[in-house]
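A.B. asks: In terms of full-length UniProt numbering, the sequence shown opens at residue 1 and continues consecutively.
Certain hints may be false.
Pairs of lysine-lysine residues, derived as DSSO-like cross-links and limited to a Cα-Cα distance of at most 30 Å, are as follows [unchecked claim]:
| id | residue 1 | residue 2 |
| --- | --- | --- |
| 1 | 19 | 4 |
| 2 | 117 | 72 |
| 3 | 4 | 186 |
| 4 | 151 | 4 |
| 5 | 61 | 19 |
| 6 | 4 | 105 |
| 7 | 151 | 105 |
| 8 | 105 | 186 |
| 9 | 19 | 72 |
In short, the hints are calculated from the structure, not lab data.
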Amino acid sequence: MKQKWLIPATQELGFQLAKGQVVRVTDVEGAQVADLVAYLALDTSERLDPSVTMDALHTMKIKPGDIIYSNKYRPLLTVLSDTVGQHDFINSACRAEMYELLYNKHNHASCYDNLNKALAPFGISPPDQHYPFNLFMNTVIHPSGQIRVEKPLSNAGDYIELRAEMDLIIAISACPCAESECNGYKCTPIVVEIV
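Please model the complete structure; the sequences and the hints are all you need to start from.
C.D. replies: As structure tokens, then:
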């Protein structure tokens, strides 16, 4: 069944995605990161794992046909199409403490809190930290080893499509960071569709 949601800037969404269903995540205005986590519906101890995915694929850059793996090295999602080609597997979800440390902002909205809110109706307790698949996030690792989060390469209307390989619970946060290049210093909405 087709469904469509608009995640307002800085907000979140949780939903179920059945095996074989395809979700399309669209950057509405461009340069907006969407943190995505996925849990196996029947056993939430199994979840999307960026480090396992990088280990299995031997790369940090995904392309259509690549598989996103769980912490138990099983396929959770397959990338069907991607109009951007630049996403992030290495950064954990932003959280209030990060905004305090980096920007001296207190009680700031965060992807950590957003993802917890989105997952709560499915009975998933907050983990110590979320390690998402950060859609549209442009993390650059320089030869010196310096890591920089730069403005996303996504333009208005760019999207990624993922097919569920198991029954999943998905949560997505429209990242609320307007303090850096992460979202081009401006938070904007994300559209999510089951197509």
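A.B. asks: Each hint: holds or not?
C.D. replies: Structure-based check of each hint:
1. 19 / 4: holds (18 Å)
2. 117 / 72: Distance ~25 Å between residue 117 and residue 72 Cα, so the pair holds.
3. 4 / 186: holds (23 Å)
4. 151 / 4: holds (26 Å)
5. 61 / 19: The hint holds at about 24 Å.
6. 4 / 105: violated (33 Å)
7. 151 / 105: Given pair residue 151, residue 105 holds - Cα atoms ~21 Å apart, limit 30 Å.
8. 105 / 186: holds (16 Å)
9. 19 / 72: Given that 30 Å is the threshold and the Cα spacing comes to 17 Å, the pair holds.
Taken one by one, the earlier hints fail for this structure only at number 6.
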